[in-house]
Amino acid sequence: MTTTVPRPVAAPTPGPLQRTTPTFVGMPKFPKAAKEALANTQQRRNLAHATGVIRAKRAKVVSELPQWEDLRLAGSAAKDELMTHLAAYLEQLEVNLTRNGAQVHWARDAEEACRIVVELVKAKGADEVVKVKSMATQEIELNEALEAAGINAWETDLAELIVQLGHDRPSHILVPAIHRNRSEIREIFRREMHLVGRPAPEDLTDEPRRLAEAARLHLREKFLRAKVAVSGANFAIADTGTLVVVESEGNGRMCLTLPETLISVVGIEKVLPTWQDLGTFMQLLPRSSTGERMNPYTSMWTGVHPGDGPQEVHVVLIDNGRSHVLADPLGRQALRCIRCSACLNVCPVYERAGGHAYGSVYPGPIGAVLNPQLRGTASEVDASLPFASSLCGACFEACPMRIDIPSLLVHLRAKVVDAKGRNTAEGRAMQVMAWMFGDHRRLEKAQRAATFGGRLLKGRTIHSIPGPFAPWTSARDVPNPPTQSFRQWWDARRSDPSTEKGAGS
Amino acid sequence: MTTSSAPSAPSAESRRNDAARAEILSRVRGAVTDIAAPFGTRGESPRIEQTSASTEATVELFVENVIDYKARVVRVAHGGQSAAIAEALAGATSVLVPAGLDPAWTADLPDSTQVVQDDALSNDALDAVDAVITSSTVSIATTGTIVLDHGPGQGRRALSLVPDLHVCVVSADQVVHDVPEAVARLRSTVEAADGSGMPRPLTWISGPSATSDIELDRVEGVHGPRTLHVILVEP
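Those sequence lines, one after another, are chains Z and Y.
Numbers 1 to 505, taken from the numbering used here, label the letters of the first sequence in order.
Numbers 1 to 235, taken from the numbering used here, label the letters of the second sequence in order.
This is chain Z alone, in the form it adopts within the complex (with noise of 0.2 Å):
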């Protein structure tokens, strides 16, 4: 083994942050948003449901992987590697893309990205394209950027299309119409469908199985005449050149397999290193996200293969305040997040508040620690997201790349604290409470005043207080004082011969 010189250490310099896109442009901050969703009983029902079939599905398939904790050690080290030599790998996968024939855009901002997808469709004359579920595409807000072309950006994922035609935005990463049970999407099936190509079976019910039939029906004739596709990438694996999409409908198969070209979205922290990673993270990310084994297809494309497949084959490399995230040394491990939604499902915030809430596409404990590290603190929703959060520790314990949130949502607090200055009501409260504990005379005089305030209550709770609290106790009710603090039991036991025998007996 020969020394390596190791390279000097110097501070991290972060990139540019993520522009707010327009559609979460002045959302109010979560507890607003989260209250008027409360109130939709409806949703929270739906939400209730299905966040606990998911639960219990992958508690299952996870408990089957004795190595589990050894998947996750090396899924997230795996991670790590790229993070610590993204470039070095991102210039690999470029190698490998275009000796094989693809060709790789590089887009440092949403609208970069948008501009490089609008034109590669208008250079192949084509009016509509083909879309397979991507968080990446929804997070440059690329249907917005293609319809303002005049280009018809069809979704063809199931809930994607129900999102679509409901007018509706996506509140879940894996099942973006989460929030919508049979009978709703019976009737956006009805009232869209024919507005936008074949209409729904006049007989359609509201049984699962009718559903998925008229969304078969809808979509075939987009499948076998688009020119087109536009697609996102689970995985790209640096060490081939590999793009990889897990799907279950089939939608994803149809869209990588039947157009002409194929333009694929990647985010730059979507890259593994080596092809064996990819024995990893196939274990991982299909128990973890829809609580299966296997999920029913995965396409893995290199490139260009003569006489099979889209013939034309494109990459778009976004950053978009992904480097900026990575120059925060323990807040880039949210990076390592592959999109798998499982901290949203055990997440006792998320099943109540559902995914709209979170003022981004990405809801959830993951969506709380990335949006204000991908797009800053200075919005509402962004600086209110680290504190939408009991810390009860339940994603970090599901996330299959060990991400620790609790850790993260603390950190981020503290920024956001930080950047307020002390001058908010928090801010002199903390002050008060340094001076008083910082001499036990005053602490013991504070906690006097506060039993005798417990002994004046008697049992009775107080739901809400006047003044600066007022709004820590629009959720809470204040915890009685009690009658004794510790100190004064202690100085009553010790005065007290009974006592003082007993413990030696």
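Watch out, some of these pointers could steer you wrong.
[Claimed, not checked] For lysine-lysine, the following DSS-like pairs were computed, each having C-alpha atoms within a straight-line distance of at most 30 Å:
hint : chain 1 : residue 1 : chain 2 : residue 2
1    : Y       : Lys-70    : Z       : Lys-415
2    : Z       : Lys-222   : Y       : Lys-70
3    : Y       : Lys-70    : Z       : Lys-57
These aren't lab readings, by the way, just hints derived from the structure by calculation.
Assemble the complex: chain Z is given as a structure, and chain Y must be docked to it using the hints.
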């Protein structure tokens, strides 16, 4: 291909792309200056997998898991393929046969079944065919997954996608126990180290197409073949 070697002046788009590329690479380098780890020192990534008590146990597990996805599985002894295929295709009026498929496999098909060869069929022509027969390249027991590499006997990707019934022949000796072993076996296919000179695409199939998008209620059969019929050939 990139235009870096072209002697003529680069286009505005290629200048933009070069600038974006340089900037992104510089950003991601600048973002990790706190980590002093030289590139290329990571050893081989670990291969974490379950092992099998016996080949028989592996095959049994594979069958169990495929059935769990609501696919049909028929087990035949070597030589029994053609009869099993004919039975699987009962009711289909037309069937796609990819180039390179063992001709003996279609020997028992009745005259009423139209055999369609793929001579660059259009998407609409594919859509008019009822069924497809393919072989496969490797299968995984722990997950009930069948992998096609779209070589001879498997056809281009669209063939096993558009028709509504997919009859897939799996040889018992192609069944590996766990995912990492399959990934290791497939490496040569994507790297084109198998002498073909070109990497091949892969399709991993675990049961018929399905969705759980409506109330997380699983429905088998959406856009891909709604019926997957596996014929497992044992020695």
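Keeping to a limit of 30 Å between CA atoms, is the pair of Lys-70 of chain Y and Lys-415 of chain Z held or broken?
-> violated (51 Å)
For the pair we were handed, Lys-70 of chain Y and Lys-57 of chain Z, check the Cα-Cα distance against 30 Å.
-> holds (17 Å)
Under the criterion that the straight-line Cα-Cα distance not exceed 30 Å, is the pair Lys-222 of chain Z, Lys-70 of chain Y satisfied?
-> Given pair Lys-222 of chain Z, Lys-70 of chain Y holds - Cα atoms ~28 Å apart, limit 30 Å.
In terms of the numbered hints stated before, the structure departs from hint 1 and from no other.
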